[in-house]
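Please take these sequences and the hints and turn them into a complete structure.
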Amino acid sequence: MPADATTRKDYWRSLDDLADTPEFRAFSREEFPGFANVYDSLGEAEFADVKDPAASLNRRKFLALSTAALGLAGLAGCRRPELPILPYSSVPADQIGFVVHGKPTFYATCLPRPGGALPVLVESHDGRPTKIEGNPQHPCSLGSTDAHAQAAVLDLYSPDRVLNEKYPGVMERGIHRRWEDFDQFARKEAAALIKSEGQGFYILAEDMHSPALTQIREFIAKKLKNASWHTFDAIDSSEVRKGTEIAFDKRMHVRNRFDKAACIVALDCDFLGLEPDAVSASRGFAQGRKPDRPLDEMNRLYVVEPSFTVTGTMADHRLRLPASQVGGVLSALANKLRSQRDKLKKPDSLPASMPASSAPEKWVDAVARDLAANAGKALIAVGSRQPAWVHALAHSVNEALGAIDAGLIELRDTPAEPQESRSLAALAADLDAKKVRTVLVIGGNPALSAPVDFNLKDRLKNARFATTREADGISQPIEVPTNTLRLGLFFDQTSEVCLWHLPLAHCLESWGDAEAADGTLCCVQPLIAPLNSSGTETGTAPQRGGRNVLEVLMLLTQFAFEGDARANPPTTSYFQAKTRAYDLVRRSFSARTGLALTDPTFENEFNRYKQIGFLAPDKDKALRTAKPAGELKFNAARLATELAAIAPLAAPSAESLEVAFTPDYSVFDGRSAMNPWLQEMPDPITKLVWDNAALLSPATAAALAVRTGDIVKLTVKGDSATVDIAVFVLPGHADFCLTLPFGQSGEMRINHVPDGGGFNVFPFRRSCCLHIVPGCRLEKTSRTYDLVTTQEHGVIPEGREILHEVSLTEYRTHHPHARHHHGPTIGIAPGTLPDEAQLQKGFQGGYGNPQQVPAPAAVEQKRFSLDLARPELLDSQFQWGMVIDLNACTGCSACMTACQAENNIPVVGKHEIKRNRELHWIRLDRYFTHFGGASETDPMVVTQPVACVHCEQAPCEQVCPVNAAVHSPEGLNLQVYNRCIGTRYCANACPYKVRRFNWFDFNKRRLDELRTPTLFTKEGAALTESLVPETLKMQKNPDVTVRMRGVMEKCTYCVQRIERAKHGAKLAAVEVAEGRRLIEIDRSFQAPAEHESKYAKPRDAAVARTVGYDLDSRGRVVVPDGLVVTACEEACPSRAITFGNVLDATSRVAMLKAQSAEYLLLGELNTKPRTSYLPRIRNVNPELM
Amino acid sequence: MPAIFPSSFDAIVRQAVVGVIVGAGLFVFGWYYYALPSYTRVGYQPDQPVPFSHEKHVGELGLDCRYCHQAVFESPHATVPATEVCMNCHNKEKANVKGNSPNILPLYASYKSGMPMHWKRVHKLPDYAYFNHSVHVNKGVSCVSCHGQVNEMKVVFHDQPLSMGWCLKCHTDPEPHLRPASEITNMNWKPPQTAGQSEEQARRDVGAVVKRDLQVNPPTNCQACHR
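Which chain is which? The protein sequence lines are A and B, in order. Its first residue numbered 1, the first sequence is counted upward by one per residue in my numbering. Its first residue numbered 10001, the second sequence is counted upward by one per residue in my numbering.
Keep in mind the hints are simulated off the structure, nothing from the lab. Incorrect hints may have been included.
[Stated by the list, open to error] Keeping only pairs whose Cα atoms sit at most 25 Å apart, straight-line, the calculated BS3-like set for lysine-lysine is: (1) A/LYS1004 with B/LYS10124; (2) A/LYS1097 with B/LYS10211; (3) A/LYS1033 with B/LYS10120; (4) B/LYS10124 with A/LYS1094; (5) B/LYS10190 with A/LYS103; (6) A/LYS1036 with B/LYS10124; (7) A/LYS1094 with B/LYS10211; (8) A/LYS260 with A/LYS188.
Structure below.
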C-alpha cells in the first residue's frame, strides 16, 4: 500500500483500489469484464470459470437451434392475437368518481414494523398496488420512505408467497388443506380452550402495537385468562426501555428529535439506518445540515461505533471502538462534563462516580467541550444494542445538557397491555414442562432467529402436551402432540417445524391499525383482496390466499364483542371474522376519538381517517404523545447504584475477539430475506449483494491471516455455539472485533434463484449476549466463499476529480472546488427570469457557455435532424435538471429500490452481478476518503449516487448507429428501446458508466434458466410465453416499457412522471379555460391577453400549484415546480435529490444550481450534464483537526 | 486449362442475377405492402360477443361518444362501458328497449352474474408506445381523426393504420385535424366554408384558430410517446 501521503489516492472504493492491484485495474478498465471469449459461449461475456452445461453448446448448434425456433415462431406470429377488454359489469358505488381506468389511484395506509409503523401512500393501477410512497402529511414520513418500504410491494406479489408450487398454502403436517379445514379445527380448539379458560393456549408474536389487536387481547385476558402471550423480536430493543426504567422508573419509548439538535453524539447508534424511525430521523438530521444556513447552525455529528454504518459515513468525527467500549466513552464524557458545571443546565443529574474507561482523552475532551457549549441543543443518542446502563447514563447526560427539557428527546409511555407479555424463555420453559396445548406463532421467524440456547426449532417440533384421557371412568395421563400453528407470510423455517402453516395476508391485503413512532394512530387498509384466495369453486386448487392476524385470532378464540350475546355471537366463521376485523378498526378509531359508533359524525370522521391514513393528533383523545419534561422525575440514586454494579468488559484482543450483532441492511432481521429487490440491493457499506459476511478491520485480518472471502469458524469461550462465515475486510472497522449482520438464513429460499442466501449467524446468538459477545475465537478454515460486491463496479477512471468533500470553514470562505470547474454553472441568478434573447436561443449550449450560438435555421428544422453537427435544439419551456446534495445523502439506498419499483427493473442475480451486469439505474458509489488526514485504516466515507446525468452533449448519442440514444428538446437523454439493437457502443462511450444492458430476457425467464438457448425452455420445448409468474407482472408499472433482451437502458429522469405532469397541466389549463373547473376565475387568474391562447394565468405560485399549471413569460403552459417528482427524489428520506425545471428561476433545482459550490461530475469533459452535485461538507471541530 | 463451367453457365448466371434483383425487389415491395400497419391493421374487424352496431346507436339514435366512453376526457384510455350502461335502456325490468332480443342475452347474463363482458380489442398500439386519449380530445382532435366514421360502422373495424409515420403526419401538421372543443364528438362536423373556399382550406382556418387558442404544439420527439 502506498503509505506516502503525496502519492496516495484521495478517495478509493476498495482495498484493491487503494493498493492498485492488477486485478482491480483489469476489472475497472473494461466496460464488460470477461467479454473476450464471446464466441466460445452463447454470445454473452463469460468468465472462463463458468461450467454451465448450457454454455457448452457450441456456436454452430446454438445458431441452428435459434434459426429453427425463429422459423417456428415466425409462423405462429402471423396471426394477430385476440385481446379481450373486460369492463365492469357494474361499477362499484365507492369507485365512481375516484377510480378511472388508466389513471392511478392513491390510498393511504401504513406498513407496521417494530418501533412504529411507517405511514405510506400506495399507488394503485386498476386495482393493482404497484408503488409505495411516503405519506407526505405524516411527520414520521413527510413523503419519504426507505428501501424496505419501497420493496414491500414485491412481497405482496412474491410468487413464493402466493404461487409457489413447492408449498400449497394452508398446510397441516405437510399435507395441503383448505381454510375450511382450519375453520373446523379452530371451532373445536376454541371450544376446548374456552372450557379450560385458555389453559395451555400460547401465542408467540412480534411486538406490534395495534389497538385493534389489543381489543382481542382484552377479550383473551377476560375470557381465556389462562392463556399466555409472548413477544419476541430478533431485533431486541428491551435495553432501551430498561434504560428509561433505571433513569425514570418507567419503561418508555424514546424518540430523538435530530432536527432540533446542533451537536449530536451517536454512540453505536445507527439512527439514519437501522434504528426505528430512521426515515424521520434522516429528514431531521439533513435539515440541520443545509449549507445555506448560518455557520453556527449546521449540526455536528460525532459517531462512536465498531463497524461503519450509514450514520458513521455522515459523521464529522468518527471514533472506531469495539461495541463494548462505547459505554466507556460516555462515562468519560460525563466525567469531563462534570468539570464544566457552569455551562450545563442541570449538572446535578450527572452521577458522582462513573465506570472506568479507556477512551482517548483528547477526543473526549473536545467533544465534551463542544457538548457543553451547545447545552440545550446537544443530544446524545445511544443505539439499541448497548446495555441498559449506557442508555440510563445517556439520559442523565442529556438531562444535564437540558436536551430533555428542550424537547430533543421525546419519551412516551409504552402502551398499556391487557395482559403482560411474557418472554420467549418462559415459553421455552412451558414447552419443556409440556404445558402447551396449542401455540400460535405469528409473524417473525422465531425458529430461525430465536437465541440458540432456546433451541426453539426442536422444541416446537417435538412439543407435546401432557393431559389426561377419560376412559372407562378413570382418567389416565397421556401426552399428545402440541398443536403448533404458524401464521406467516412465507413458508419459512418456523413453518417447517409447526403442524399447521397458515398463510398470513400481506398488510396491503388486510384491515388493521398500528401506531407510528410518534404515537399517532394509523390505519392499515387493504388495496387488493388476498391474492389467490379465489379459486375455491374448483374445490381442489390449493388455497394460498392469506388471512390477517385479527381474523385468525378471532376464529381461534371465538371472539365476541361485549354486550348482548345474541346480537354479538362468537366468531365461528371466516365471514364473521372478516367483517369483525373491519369492525375492530372502527372501534379502535371510536375509542381513540371518543366518537361513539352511533354518532352522526362518526362515518364522516372515519372516512376522513381512512382517507388521510392517520388520525390527526388534535382529534386523538388518547394520543400517546411525548411526556412533558416536567412530569419526568430523574432518578439519580437508582442510576448510581446501577453504575456501581457495572463491570466494564475488557477491550478485545487477537486471542479474545469481540462479536457484535446487527440487523442486515438488506434483509433487516430476516423479514426481507424472501425479497429479491432487497437481496440484490448492495449493502450501503460493504456493497455486498445477496449475502452477508463477518466484517473486520484490515489490521485484525492481518493479525489473524484472513482475507475477504475466507470462511472462518467462530467459537466462544465456555459455550458450544459456533458459526462458519465468510469474512469481509472493511476499512474503518474497529480492531479485534467482528460485526455479524443477522437476517440471512444461510440458504436461498427464493424459488428459482440459484445463488446467495449468505450465512446464518443466529446459531451464534445466545440469550445471555444478544448483542455483544466477548471472548470469541476465530479459526480460519480451508474453504472460501464467493462474495460478490459492487464496490468496484462503474469505476470512473483515475485522475479525475469526482468527489468534493470540504470542511465547513473551507466551504464558507473559499469554495475552492466550485470554481474548479466551469465558472457559473447556470446563467440565471435566482429570482430573475432569463432574458428574452436567451429564451429565443433556446437552451442550446447549456450552462455557462453563452458564446455557443445555434445555427439560425435550427429553430425550424430542429426535429428530424440526424445531423450530429446540429443536435436537437433545447427549445422547450421545460429544461429538466437534478441536483444531488452529497451533504444530505446517507447512502441508505431507498432511491435505488424506489427506482427499481417505479421503472420495472428486474433483478439479475448474484451470478450476473459478479459480471458487472446489474440493472440498477442508480449506482451508489461508496468511497473511502482521507478527509482531514484520516488514515487508510480509519478513513471517512462519502456515498455518491450516480445515475444517467443527462448530458447536453452526450457521448452516447454520438456513437449510436441507429439513433436509439437521442436528445429531447427538454434536455432528456432518451433511450428509445424499440430502436435499440444492442451494439453497446453507448455504454462504452459513457464516461459515467451508467448504461445498463439487458443481457438476458429477465422479464421472460426466471433466474435459474437465463442461459438457455433463445426461444427454448430449459426442458427444450419451444418458449411461447413468459416464464415469469403472473403475480410479478402485476407489480409492473404500466407507464413504463418492460424491456426485452438485447436492449440498453438507463435512468430516464422518470419520463413517465414528467409526461403525466405535463398532461395534467395541459388538461388543467383547458379545463380552466372552458370553465370546467369549479374555481373562482376572477380572483385566481389573470385574464388571457388578446391574440394569445385562451389560457388564463394563475395569479400566484400557490394558485398555480393548486390548479396544476402555470404560464411562463411567453404564455406557454408549464408545470409548477414540485409537481414533477422523480421516484428517487420522492423516496429519499434526507431530501438529497432535487429535480425540476432549471428554466424556472424560482424552482428549487434552479436555486440549488445557482449555488457556487455546485459542481458537475466530470465537468471537464464538456458533456454538460444536467445532474449536478453539491459537495459533502464536514463540520469539523477545530480542536480535533 | 479446361473450362470448369460449361458455356451454358453464363446464361444461368445472368438469369440468376436478374432473378435475385427481381426477387429482392418483390420482397421489398411485398414487405412494404403487406408487413406495414396500413395492411396488417386496417380493416381488422373481429366479431364481438354482442353485435353492437355503432351505426344504429351513434348514426341513427345520435348517442354521444361519451355516453359510453366516459373517461375519454380525463384518462389515457377512452374506457369501454360497464354492462350497466347498456342496461340503462336494454333492461327488461326498466326501459326494456329490445329487451327480449337474443342479442341482448349475453349482456343480461353479465349484468345478472356480475361477470364482465369479453369484448375484443380492435385498436392496439405496441407496448412501448403510450397514447393518451384525454390530451388529444381536450386539444381539439376529434374521435373521427383516428377511429374513422364510427357512426357508419355496423361492426367496428380498424380504420387508420395507427403507425408511427401516420401519427407524425398530424403531429407535424396538426391544423387540418383540429376543431372546436364543442365538436370533438360530432361525427359529421363540417367546417364553416366561405364562398369559393375549399373544405380543406376551411378546416385549416378553423384548425389554426384552435391551435392558437389551445397552444397545440404536438411534440415530435421520442419522449412524448416512448418511455
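**Study point:** Violations among the numbered hints, reported as their numbers in ascending order
**Key:** 4, 5 and 8
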